[in-house]
Amino acid sequence: MTQPNGRKRGGGGGGGDRPMVPKADFQSYYGRPIVRPPVWTHDIAIYLFTGGLAAGSAILAAGGQATGDVVLRRAGRAATMGALGASAFFLIKDLGRPERFINMLRVIKPTSAMSIGTWILSGFGGVAGVAAAAEFAPLLPSYGALGLVRRVLPPVGAVAGYGAAALAPGLATYTAVLFSDTAVPSWNAVYPDLPFVFAGSALASGAAVGLIAGPNRPSVRLAAIGAALELAAGHRCETAYGLVSEPYTTGRAGKYLRAARWLNTAGAIGAVVGRRSRVVSALAGTALLAGSLMTRFGVFQAGVESAKDPKYTVIPQREHLDSRKVNVPTPAAPPTPSTPVVPPTPAP
Amino acid sequence: MGRDSLYGPIDPATDAGYTDPPPRVGFFTDTSVCIGCKACEVACKTWNAVPDDGFDLLGHSYDNTGGLSADSWRHVAFIEQPSSHGHGAFDGLPVGPPVDALAAASTAGNAAASTAGGTAASTAQFLGMPMTDLPGRVNEAPRTDFRWLMMSNVCKHCTHAGCLDVCPTGALFRTEFGTVVVQDDICNGCGYCISGCPYGVIDRRADDGRAWKCTLCYDRIGDGLEPACAKACPTESIQFGELDELRERAAKRVETLQEQGVTSARLYGNDPSDGVGGDGAFFLLLDEPEVYGLPPDPHVPTRDLVKMWKRAGLAALTMAATAVVAFAGRRK
Numbered sequence: 130m131t132q133p134n135g136r137k138r139g140g141g142g143g144g145g146d147r148p149m150v151p152k153a154d155f156q157s158y159y160g161r162p163i164v165r166p167p168v169w170t171h172d173i174a175i176y177l178f179t180g181g182l183a184a185g186s187a188i189l190a191a192g193g194q195a196t197g198d199v200v201l202r203r204a205g206r207a208a209t210m211g212a213l214g215a216s217a218f219f220l221i222k223d224l225g226r227p228e229r230f231i232n233m234l235r236v237i238k239p240t241s242a243m244s245i246g247t248w249i250l251s252g253f254g255g256v257a258g259v260a261a262a263a264e265f266a267p268l269l270p271s272y273g274a275l276g277l278v279r280r281v282l283p284p285v286g287a288v289a290g291y292g293a294a295a296l297a298p299g300l301a302t303y304t305a306v307l308f309s310d311t312a313v314p315s316w317n318a319v320y321p322d323l324p325f326v327f328a329g330s331a332l333a334s335g336a337a338v339g340l341i342a343g344p345n346r347p348s349v350r351l352a353a354i355g356a357a358l359e360l361a362a363g364h365r366c367e368t369a370y371g372l373v374s375e376p377y378t379t380g381r382a383g384k385y386l387r388a389a390r391w392l393n394t395a396g397a398i399g400a401v402v403g404r405r406s407r408v409v410s411a412l413a414g415t416a417l418l419a420g421s422l423m424t425r426f427g428v429f430q431a432g433v434e435s436a437k438d439p440k441y442t443v444i445p446q447r448e449h450l451d452s453r454k455v456n457v458p459t460p461a462a463p464p465t466p467s468t469p470v471v472p473p474t475p476a477p
Numbered sequence: 008m009g010r011d012s013l014y015g016p017i018d019p020a021t022d023a024g025y026t027d028p029p030p031r032v033g034f035f036t037d038t039s040v041c042i043g044c045k046a047c048e049v050a051c052k053t054w055n056a057v058p059d060d061g062f063d064l065l066g067h068s069y070d071n072t073g074g075l076s077a078d079s080w081r082h083v084a085f086i087e088q089p090s091s092h093g094h095g096a097f098d099g100l101p102v103g104p105p106v107d108a109l110a111a112a113s114t115a116g117n118a119a120a121s122t123a124g125g126t127a128a129s130t131a132q133f134l135g136m137p138m139t140d141l142p143g144r145v146n147e148a149p150r151t152d153f154r155w156l157m158m159s160n161v162c163k164h165c166t167h168a169g170c171l172d173v174c175p176t177g178a179l180f181r182t183e184f185g186t187v188v189v190q191d192d193i194c195n196g197c198g199y200c201i202s203g204c205p206y207g208v209i210d211r212r213a214d215d216g217r218a219w220k221c222t223l224c225y226d227r228i229g230d231g232l233e234p235a236c237a238k239a240c241p242t243e244s245i246q247f248g249e250l251d252e253l254r255e256r257a258a259k260r261v262e263t264l265q266e267q268g269v270t271s272a273r274l275y276g277n278d279p280s281d282g283v284g285g286d287g288a289f290f291l292l293l294d295e296p297e298v299y300g301l302p303p304d305p306h307v308p309t310r311d312l313v314k315m316w317k318r319a320g321l322a323a324l325t326m327a328a329t330a331v332v333a334f335a336g337r338r339k
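Line order of the protein sequences matches chains A and B.
All residue numbers for the first sequence refer to the numbering used here, where the first residue is 130 and numbers rise by one.
All residue numbers for the second sequence refer to the numbering used here, where the first residue is 8 and numbers rise by one.
A few of these clues could be false.
Unchecked claim - Some chain B residues judged to face chain A by a derived CB distance under 7 Å, without partners named:
1) G24
2) H67
3) S202
4) M326
5) A328
6) G336
Unchecked claim - In silico BS3-like cross-links for lysine-lysine, where the CA-CA straight-line distance does not exceed 25 Å:
7) A:K238 x A:K222
8) B:K259 x B:K238
9) A:K437 x A:K384
10) A:K222 x A:K454
11) B:K317 x A:K238
12) B:K52 x B:K314
13) B:K238 x A:K238
14) B:K259 x A:K454
As the list claims (entries may be wrong) - The calculated label-pair distances, taken between Cβ atoms and stated as ranges, are:
15) A:P239 x B:Q190: 13 to 21 Å
16) B:D192 x A:A295: 47 to 55 Å
17) B:T26 x A:G197: 32 to 40 Å
18) A:H364 x B:G231: 27 to 35 Å
19) B:D63 x A:W391: 39 to 47 Å
20) A:E448 x B:E262: 43 to 51 Å
21) B:Q267 x A:D451: 53 to 61 Å
22) A:G197 x B:Q190: 32 to 40 Å
23) B:K317 x A:S452: 54 to 62 Å
24) B:G320 x A:K384: 50 to 58 Å
25) B:D27 x A:E228: 15 to 23 Å
26) A:P239 x B:E243: 40 to 48 Å
27) A:V285 x B:Y225: 43 to 51 Å
28) A:V281 x B:V313: 25 to 33 Å
No wet-lab data here; the hints were simulated from the structure.
Ideal Cβ positions, reconstructed from N, Cα and C, are used throughout, including at glycine.
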């Protein structure tokens, strides 16, 4: 382990056993992690999915509202409520002290994406709940106080539905800020692209609800654009960030994300090609839901892996440090003669 | 919140809203005089009633604590390394051949048994215990090229604390002394602070669910006492005091060591213009930070928070635009 040049290979961290990755020369303390791997479990990956699904479904429901499509509106509102319930369950379950969940609501803290997200989720839950309740208005008696509720609820529900749709993009993307605003190398570095992965994933899963409810043009469009957005931004995360992109392509995270790519591609193509078939549309919707879930698991897992191996913390920081040292001008150096910049001669 | 609340040199107590706070306090941990006795670990556990962190034999030299955790708020790191690249003070003295500490230790038992002429030679086994003598020492070269580095690690009480920034409940707070403390009656164990720390310090206790870390003995310093670890340190490797004064003292100490030829001496976490705005607990190290398990160039994740929200906003707008496009031109 101890080599003559005084460098210790970061052995035990798990980075050394992948043959396709070039051996990185860096020092560490017995290969132990530097940043602590997240204590969150896969519950959080599932929450990312259900939160995105709730957001996508609320957008679908509002679209149905605006275009007078009762099927889309109902399917969207129902899926929103189901996904919301699951979100709350998984979020609270993952707390170390679930009975203290309410402490999330004792402050509004702009520097904490989790605080902002909790408030977005709470507001979203309120309006989405009212919108869903409005679906039950026709079941109320048409006289007395309940009759008044029966008359008032549909317009209130419509406003609430649009309110939910207005909050939905925030609900779908705040989780990207939550992940990026950590010291986890592969989450922190990809902050420019991660919100687009989550936005695309949420749109695709909302579209999936519409596709499962029955073939319709808006869902096909949402599916195609959402899946494309997710694939493009995901590709950036996997390739554009050097060493910290690596965890997105290797190990378990790589498997999840490859599965997500196939499922999303198949889902989007299926939605377009099978837009006249109820069965193909439903299958495409199922593939998109599965793809969205795989994307969330993959992103979650990649971050965990990047925190476990100290090389993802040490090497980028060391490079940054060394590049700054190089850039410090040395006073002893003679002033460089200004040479005219010659533009490259265009080929004849 | 001021202009530099997310990044840059500030006084954290004033920024947190204290009017006329006491001077900021912290630790200066001078690893050049650390003897690895772990009195700090013990004193911390005793004073703060920190529970058992497990009886593990890690095989990492004399370190069986492993690192900072919910149940270890001080951690003494032990590094065994060849010092062939020269460390000044003993330059020019003859040294023995380079040795691999573990390999040397594994044969030590056999060598001792055979010099005793014993029949036990064949049965002697390496038990993974560190030796009492320096590996590779021979008569002609009383010094070997081998050295130990020891460092007592602790929460850095950053000027821009990632854990504090991301805490959604307000359980983590900035004290009037500029330190960062968890209120255990408020923490709901969300775990965000654990990923927010660029040093991997704060941790969730498994059986309790809440986040725990060094408080810089908030209960002691309020009464004018020094923290338990600094009180217990027999070599004054851990020094507690006003941060400004500690920074001056550290600058002098590193200068002295450099003059004495210890060219590898450097300060870590002392610079208010670094990625976390300077550490409240900073260090004098004798090798690169990563050798001690410290990040070489950490930054508070919240540094880029505004840019992150802008990208998220753009993504959110893209979602809204997609919805409009998807439903455009369709009305029953």
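Can you name, in rising order, the numbers of the hints this structure does not satisfy? Numbers 1, 5, 6, 10, 12, 13, 16, 17, 18, 20, 21, 22, 23, 24, 25, 28 - these are the hints that the structure violates, sorted from lowest upward.
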